[in-house]
Amino acid sequence: MLNNKSILITGGTGSFGKQYVRTILNKYKTKKIIIFSRDELKQFEMQQEFNTSEMRYFIGDVRDAERLRQAMRGVDYVIHAAALKQVPAAEYNPMECIKTNIHGAQNVITAAIENEVERVIALSTDKAANPINLYGATKLASDKLFVAANNITGERRTRFSVVRYGNVVGSRGSVVPFFKKLIDEGAKELPVTDPRMTRFWITLQQGVDFVLKNFERMQGGEIFVPKIPSMRIMDLVESLASSIPTKVIGIRPGEKLHEIMCPADDSHLTLEFHDHYVIRPSIVFNQPVDYKENRIGEIGEPVKQGFEYNSGTNPIFLTVEELRELNCQC
1 MLNNKSILIT GGTGSFGKQY VRTILNKYKT KKIIIFSRDE LKQFEMQQEF
51 NTSEMRYFIG DVRDAERLRQ AMRGVDYVIH AAALKQVPAA EYNPMECIKT
101 NIHGAQNVIT AAIENEVERV IALSTDKAAN PINLYGATKL ASDKLFVAAN
151 NITGERRTRF SVVRYGNVVG SRGSVVPFFK KLIDEGAKEL PVTDPRMTRF
201 WITLQQGVDF VLKNFERMQG GEIFVPKIPS MRIMDLVESL ASSIPTKVIG
251 IRPGEKLHEI MCPADDSHLT LEFHDHYVIR PSIVFNQPVD YKENRIGEIG
301 EPVKQGFEYN SGTNPIFLTV EELRELNCQC
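Residue 1 is where the sequence shown starts when you use the UniProt record's numbering, and the numbers rise one by one after that.
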């Protein structure tokens, strides 16, 4: 699928971008892989690991529309991973989050259409479903922009879809590296916001593989949601350090007890496939699409009215031992 193709990853020096590059270099013979990001140090460090002939490194910010246009020339596929993701930081710096997550999303869309990129997948988050924080609200707006973009492509080949999933095990800034750092520093207790808290849990490789598969599946306009397990925060603590007591510090600004990936309000739009869900667009496109059968022939069925995919009611939870095995991979 990606052989002899040019791929651009916004925010490509992050945890996802590195694992994505590692995977496609092992599986495909690509023409070019463009890392588009704003941090020159992270790009320099990434070049030490990935310095093959197809790699390209572009300094740029998704807020800069002209730079995106330059970077996407001749590109076939785009993965939009760039975002401001820290929930408390977004609450305290709302306009900065809006500039990157909403204005930046529109810049990616415009550049992709003008350069006739074939397919674009934007990475979303469970926090975009029924959002209560600014980060989630900006990602919901971004999701809406990417879905609606399929109506403004005209005769061009460009198609846009969204991938939404939960917390990534061991990603930069996530809870597992944070807890491990405290443990290594000899912490006497671990801070827990609320002992009832649950989260969807996915590994970096699972996220990468899901995005790759959805480039094959996508018709444009879908939000893809993987079927993944949940974890309980107290089980996570036990898997890391069962002998260290916890201290309840209260929910942070904009934080939820449980996360949602398919809201009940979207149940009339949601299809269930064997290993994922698809949320169909709420708007009607100029060229109607039957999302019940995807581009590789998989068939989906409508979910029951009122269905909600919630980390607290998810039928699959990781055990302490399974969490411990995943933690070892971080």
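I should point out that these hints are in silico values taken from the structure, not numbers from a laboratory.
Hints may contain errors.
As the list claims (entries may be wrong) - BS3-like mimics (lysine-lysine), calculated; alpha carbons at most 27 Å apart, straight line:
{"no.": "1", "residue 1": "K144", "residue 2": "K99"}
{"no.": "2", "residue 1": "K31", "residue 2": "K42"}
{"no.": "3", "residue 1": "K227", "residue 2": "K247"}
{"no.": "4", "residue 1": "K247", "residue 2": "K144"}
{"no.": "5", "residue 1": "K188", "residue 2": "K31"}
{"no.": "6", "residue 1": "K227", "residue 2": "K213"}
{"no.": "7", "residue 1": "K32", "residue 2": "K42"}
{"no.": "8", "residue 1": "K27", "residue 2": "K99"}
{"no.": "9", "residue 1": "K181", "residue 2": "K213"}
{"no.": "10", "residue 1": "K144", "residue 2": "K180"}
{"no.": "11", "residue 1": "K180", "residue 2": "K42"}
{"no.": "12", "residue 1": "K304", "residue 2": "K292"}
{"no.": "13", "residue 1": "K247", "residue 2": "K181"}
{"no.": "14", "residue 1": "K42", "residue 2": "K5"}
{"no.": "15", "residue 1": "K144", "residue 2": "K292"}
{"no.": "16", "residue 1": "K292", "residue 2": "K213"}
{"no.": "17", "residue 1": "K144", "residue 2": "K42"}
{"no.": "18", "residue 1": "K292", "residue 2": "K227"}
{"no.": "19", "residue 1": "K213", "residue 2": "K304"}
{"no.": "20", "residue 1": "K227", "residue 2": "K27"}
{"no.": "21", "residue 1": "K5", "residue 2": "K29"}
{"no.": "22", "residue 1": "K304", "residue 2": "K144"}
{"no.": "23", "residue 1": "K144", "residue 2": "K227"}
From a predicted model like this one, the values you see are computed outputs, not experimental measurements.
Going down the list of hints, with the structure as the test:
1. At most 27 Å may separate the alpha-carbon atoms for a hinted pair to count; K144 and K99 meet this at roughly 16 Å.
2. Under the criterion of a C-alpha separation no larger than 27 Å, the hint pairing K31 with K42 is consistent with the structure, at around 23 Å.
3. The straight-line distance between the Cα atoms of K227 and K247 is roughly 32 Å, outside the 27 Å bound, and the hint therefore fails.
4. For the hint linking K247 to K144, the alpha-carbon distance of about 39 Å lies beyond 27 Å, and the restraint is violated.
5. For a cut-off of 27 Å, the pair hint linking K188 to K31 is broken: about 51 Å separates their Cα positions.
6. As the CA atoms of K227 and K213 are separated by approximately 14 Å, the hinted pair is consistent with the 27 Å bound.
7. Using a Cα cut-off of 27 Å, the hinted pair K32 and K42 holds, with the two alpha carbons roughly 19 Å apart.
8. For the hint pairing K27 with K99, the CA-to-CA distance comes to about 35 Å; that exceeds 27 Å, so the pair is violated.
9. Simply put, K181 and K213 have alpha-carbon atoms about 34 Å apart, too far for the 27 Å limit, and the pair is violated.
10. With a CA separation close to 36 Å, the supplied pair K144 and K180 exceeds the 27 Å bound.
11. Taking the CA atoms of K180 and K42, the gap is about 22 Å. The hint holds against a cut of 27 Å.
12. A distance of roughly 15 Å separates the Cα atoms of K304 and K292; the hinted pair therefore holds under the 27 Å criterion.
13. Taking the CA atoms of K247 and K181, the gap is about 16 Å. The hint holds against a cut of 27 Å.
14. Taking the CA atoms of K42 and K5, the gap is near 25 Å; set against the 27 Å cutoff, the hint holds.
15. Only pairs whose Cα atoms come within 27 Å are accepted, and K144 paired with K292 is accepted, the gap being roughly 20 Å.
16. The straight-line distance between the Cα atoms of K292 and K213 is roughly 17 Å, inside the 27 Å bound, and the hint therefore holds.
17. A threshold of 27 Å between alpha carbons decides the hint, and for K144 with K42 the separation of about 30 Å lies outside it, so the pair is violated.
18. For the suggested pair K292 and K227, the alpha carbons sit about 17 Å apart, so the restraint of at most 27 Å is met.
19. For the suggested pair K213 and K304, the alpha carbons sit about 26 Å apart, so the restraint of at most 27 Å is met.
20. For the suggested pair K227 and K27, the alpha carbons sit about 24 Å apart, so the restraint of at most 27 Å is met.
21. As the CA atoms of K5 and K29 are separated by approximately 8 Å, the hinted pair is consistent with the 27 Å bound.
22. Taking the CA atoms of K304 and K144, the gap is near 23 Å; set against the 27 Å cutoff, the hint holds.
23. Restraint check: the Cα-Cα separation between K144 and K227 comes to about 22 Å, which is no more than 27 Å; the hinted pair holds.
In summary, the structure is inconsistent with hints 3, 4, 5, 8, 9, 10 and 17 from the numbered list given earlier, while agreeing with the others.
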